[in-house]
Amino acid sequence: MSESKFAAIRGLKHPTTNSTSQNTPLNQCVPDSVSATRTGPYHNHASPNDSLHRLSETSPQACCKPPSNEFLASKEASEDDGLPLYRHDDRRKPSRSPLSVPHGVRRRLGGSPMKAGVLIVAGLIYVLNLLASTHTHFSGRWPGSSPPHWKSAKTNVILMISDGFGPAGETFARSFAAALNSSIPNVPYSTPKPLPLDDLLIGTHRSRSSSSLITDSAAGATAFSCALKSYNGAIGVDSEGRKCGTLFEAAKNQRGMLTGVVVTSRLTDATPAAFVSHAASRALEADIATQAVLGTLDDPKGRNGTSRVLDLAIGGGGCNFMHRDHPMSCRTDDVDLVADATALGWNVWAAWPLNWTRDARARRPSMTTHISYEDAVLAHVSAAQIPEIKVSARSRDVVAHIDSHKSALPFLGLLAPGNTPYEIDRIAIAEDQRPPSLKMLASKVLHMLDTDSSNKNGFILMIEGSQIDLCAHSNDGACHAREILAYQEAIATVRDFVDSKNAAGERTILISTSDHETGGLTLGRQLTAAYPNYAWYPERLLGAKQSAQMLSAELVGFATKQRRSSQDLAEYIRSQTLGEQGAGFTEQTGGLPTDEEVDSIAQCIASIPASQMMEDPPLDVRDVCRVVIANAMSRRAEIGWSTSGHTGLDVNVFGRGPGIDRLRGNIENTDIGSFIEAYLSLDLGKITKELA
1 MSESKFAAIR
11 GLKHPTTNST
21 SQNTPLNQCV
31 PDSVSATRTG
41 PYHNHASPND
51 SLHRLSETSP
61 QACCKPPSNE
71 FLASKEASED
81 DGLPLYRHDD
91 RRKPSRSPLS
101 VPHGVRRRLG
111 GSPMKAGVLI
121 VAGLIYVLNL
131 LASTHTHFSG
141 RWPGSSPPHW
151 KSAKTNVILM
161 ISDGFGPAGE
171 TFARSFAAAL
181 NSSIPNVPYS
191 TPKPLPLDDL
201 LIGTHRSRSS
211 SSLITDSAAG
221 ATAFSCALKS
231 YNGAIGVDSE
241 GRKCGTLFEA
251 AKNQRGMLTG
261 VVVTSRLTDA
271 TPAAFVSHAA
281 SRALEADIAT
291 QAVLGTLDDP
301 KGRNGTSRVL
311 DLAIGGGGCN
321 FMHRDHPMSC
331 RTDDVDLVAD
341 ATALGWNVWA
351 AWPLNWTRDA
361 RARRPSMTTH
371 ISYEDAVLAH
381 VSAAQIPEIK
391 VSARSRDVVA
401 HIDSHKSALP
411 FLGLLAPGNT
421 PYEIDRIAIA
431 EDQRPPSLKM
441 LASKVLHMLD
451 TDSSNKNGFI
461 LMIEGSQIDL
471 CAHSNDGACH
481 AREILAYQEA
491 IATVRDFVDS
501 KNAAGERTIL
511 ISTSDHETGG
521 LTLGRQLTAA
531 YPNYAWYPER
541 LLGAKQSAQM
551 LSAELVGFAT
561 KQRRSSQDLA
571 EYIRSQTLGE
581 QGAGFTEQTG
591 GLPTDEEVDS
601 IAQCIASIPA
611 SQMMEDPPLD
621 VRDVCRVVIA
631 NAMSRRAEIG
641 WSTSGHTGLD
651 VNVFGRGPGI
661 DRLRGNIENT
671 DIGSFIEAYL
681 SLDLGKITKE
691 LA
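First residue of the sequence shown? That's 1 in UniProt numbering, and the numbers climb one at a time after it.
In short, the hints are calculated from the structure, not lab data. One or more hints might be untrue.
Pairs of lysine-lysine, BS3-like flavour, derived with a Cα cap of 25 Å [as the list claims (entries may be wrong)]:
id : residue 1 : residue 2
1  : Lys456    : Lys154
2  : Lys686    : Lys456
3  : Lys439    : Lys193
4  : Lys154    : Lys439
For each label pair, taking beta carbons as the anchor points, the in silico distance ranges come out as [stated by the list, open to error]:
id : residue 1 : residue 2 : range
5  : Thr594    : Asp325    : 50 to 58 Å
6  : Thr171    : Ala504    : 30 to 38 Å
7  : Ser575    : Gln526    : 54 to 62 Å
8  : Ala283    : Arg242    : 13 to 21 Å
9  : Ser600    : Ile427    : 50 to 58 Å
10 : Lys456    : Ser307    : 15 to 23 Å
11 : Gly524    : Gly645    : 20 to 28 Å
12 : Gly505    : Ser681    : 13 to 21 Å
13 : Ile427    : Ser307    : 39 to 47 Å
14 : Gly524    : Gln576    : 24 to 32 Å
15 : Leu527    : Thr643    : 29 to 37 Å
Here a beta-carbon is modelled for each residue, glycine too, at the ideal position from N, C-alpha and C.
Model the full assembly from the supplied sequences, consistent with the hints where possible.
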């Protein structure tokens with residue numbers, strides 16, 4: 001029976017499916033003869049109406065081929081107690097079979113029967129030496145994992161997920177940063193400095209799900225949290241919809257570790273949800289919020305006194321934690337998770353007053369909170385529930401409580417009803433009202449988990465750069481670049497923390513990867529039928545002051561206040577939407593807005609029905625105007641996008657810390673979850689059985 005490579009290291013097997021026709025482990029390959037009977041979008045005879053949420057009864061799981069022994073041997077980590085970094089000359093050649101004899105030995109001894117005994121003895125000696133040299137790898141002992149190498153019994157794992165960030169994005173951000181920091185105007189092409197992630201590159205992973213060659217964030221995060229493939233939309237469940245044990249559940253119940261998530265999207269969005277809940281669909285955000293607060297698994301050893309598996313959660317999505325009578329709520333039931341969390345001992349802080357009553361709902365907030373209309377749509381908040389909501393400094397107050405005496409765990413920080421602002425929009429806010437950056441959040445949370453009195457065994461923390469993905473969905477290059485650089489700053493902070501903990505004798509690792517690539521970003525774009533220009537221009541995106549989403553919303557708002565003349569509208573587009581205060585089209589960034597660019601956006605406004613223009617808010621900003629604005633910016637920079645969705649590219653894996661080199665090469669996304677499972681000596685299979 002084949003096992004995943006990291007389960008094999010520890011001698012553990014993942015649970016098998018309950019299929020009556022196959023008894024194949026969830027992580028074992030299904031033979032081609034069985035694969036032919038699968039249903040799903042990438043099988044030849046699948047109906048368009050076939051469910052993406054399951055495979056046929058004869059196919060337990062669409063999964064990768066288990067790695068060979070040679071591949072396992074190539075992952076052997078050194079016994080060095082230092083902090084190994086990726087080195088191109090450090091790749092081990094595939095090992096021979098343990099039963100083979102080196103070619104040089106065979107050549108020297110010859111093949112006559114008289115020397116057969118010598119050959120056998122030499123072979124046995126070789127096998128014994130090989131087993132001795134790989135003992136650490138196959139026994140599950142990690143470099144420096146036993147005393148006296150480490151002063152502390154704690155182990156810390158920090159998993160950072162750059163949602164939607166692909167290989168082209170790293171090149172894109174590096175060149176953008178070089179242009180941003182260039183001291184010579186219009187000469188940004190000197191050798192760019194490496195970004196923090198550049199020094200941490202160790203390999204790539206294959207991102208497909210069990211239902212498609214292109215994953216969504218739910219299946220991608222479930223591959224990390226449960227170490228198995230599942231269907232697009234799955235949250236902490238396998239390809240048949242059964243709950244699967246997560247790293248957080250195992251770390252909390254088997255190791256007594258602290259757990260936490262920090263995101264810039266909603267806490268109920270797909271990526272964080274897969275670590276803290278189990279749901280058949282990512283759309284069940286209210287239920288996901290309930291599980292995050294109340295827990296997912298009974299604690300038979302009584303460590304917590306409740307089934308809670310989460311100790312810290314900071315991010316947006318606060319509308320799903322509010323009672324439906326609260327003006328910021330998007331729940332339709334009578335559950336009040338703020339009250340429930342408080343009763344269970346959570347320290348709850350939000351960027352808006354929590355003590356609203358039914359009678360107070362009609363009043364406008366005395367403070368302001370950031371929420372874009374897209375946030376409201378995604379969070380299912382009706383227009384009537386959104387008064388004049390603007391950006392506020394109150395989200396900074398949430399972070400300030402982390403430093404106060406009131407920051408005892410468990411801690412719930414709600415930064416926005418929906419998603420937090422894009423980085424490009426965040427940095428445009430006055431500094432004294434600017435919401436916290438991902439770097440600030442990461443720094444505060446690491447300090448909080450590290451120093452909390454309840455930290456006896458270390459922690460596992462997931463940090464997501466969520467909005468990289470959303471900017472790419474919008475094909476908004478300037479927005480995408482700013483999000484990536486904000487993530488890189490957070491990476492540098494976490495990297496330094498990892499180095500300091502290891503230097504102090506506390507075993508700590510950082511893994512950074514993406515769930516998938518979004519947008520199909522290309523650096524180079526053919527604009528005409530003529531032979532293409534071999535160039536692209538990151539400096540032409542530097543002047544953008546706002547996201548295309550925000551520019552579109554403001555343009556529509558201007559057009560709807562009263563029916564503007566075509567001349568007024570054209571002037572607004574030229575000066576505010578595309579000009580220096582908007583997309584940044586100036587003489588220094590490719591020239592002033594052209595008549596063609598202005599006309600294309602004016603036509604988008606003209607195409608909006610009058611009835612839709614009278615809505616309040618007037619328009620869902622996921623509209624053609626945003627698309628036209630973003631496209632105009634991308635054309636100037638000569639970058640291209642193949643889709644407004646995800647792609648099937650392999651994505652980069654980065655890491656830091658002892659033992660991290662085992663992730664080098666090209667691996668499956670599930671191997672990252674299996675790696676963490678083995679690193680912490682967890683048993684996800686046991687948790688899965690408890691959930692059944």
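A quick look at each hint next to the structure:
1. At most 25 Å may separate the alpha-carbon atoms for a hinted pair to count; Lys456 and Lys154 meet this at roughly 7 Å.
2. Between Lys686 and Lys456 the CA atoms are separated by roughly 23 Å; this keeps the pair inside 25 Å, and the hint holds.
3. This hinted pair checks out: Lys439 and Lys193 have alpha carbons roughly 20 Å apart, not beyond 25 Å.
4. In summary, the hint linking Lys154 to Lys439 is supported, as the alpha carbons are separated by about 24 Å, within the 25 Å threshold.
5. The hint said 50 to 58 Å for the Cβ distance between Thr594 and Asp325, and at roughly 51 Å that hint holds.
6. Between Thr171 and Ala504 the C-beta distance comes to about 35 Å, which sits within the given range of 30 to 38 Å.
7. Between Ser575 and Gln526 the beta carbon distance is about 30 Å. The supplied range of 54 to 62 Å is therefore violated.
8. Between Ala283 and Arg242 the Cβ separation comes to about 19 Å, which falls inside the hinted range of 13 to 21 Å.
9. Between Ser600 and Ile427, the C-beta spacing of about 28 Å breaks the proposed range 50 to 58 Å.
10. For the pair Lys456 and Ser307, the beta carbons lie near 20 Å from each other, so the given range of 15 to 23 Å is met.
11. Look at Gly524 against Gly645: about 21 Å separates their beta carbons, and that is inside 20 to 28 Å.
12. Checked against the hint of 13 to 21 Å, the C-beta distance between Gly505 and Ser681 comes to roughly 19 Å, which is consistent with it.
13. Judged by the Cβ atoms, the range 39 to 47 Å given for Ile427 and Ser307 holds: they are separated by roughly 40 Å.
14. Restraint check, Gly524 to Gln576: a C-beta distance of roughly 30 Å satisfies the suggested window 24 to 32 Å.
15. Against the hinted window of 29 to 37 Å, the Cβ-Cβ separation of Leu527 and Thr643 comes to about 19 Å, which falls outside the hint.
Violated hints, listed in ascending order, are 7, 9 and 15; each of the other numbered hints is respected by the structure.
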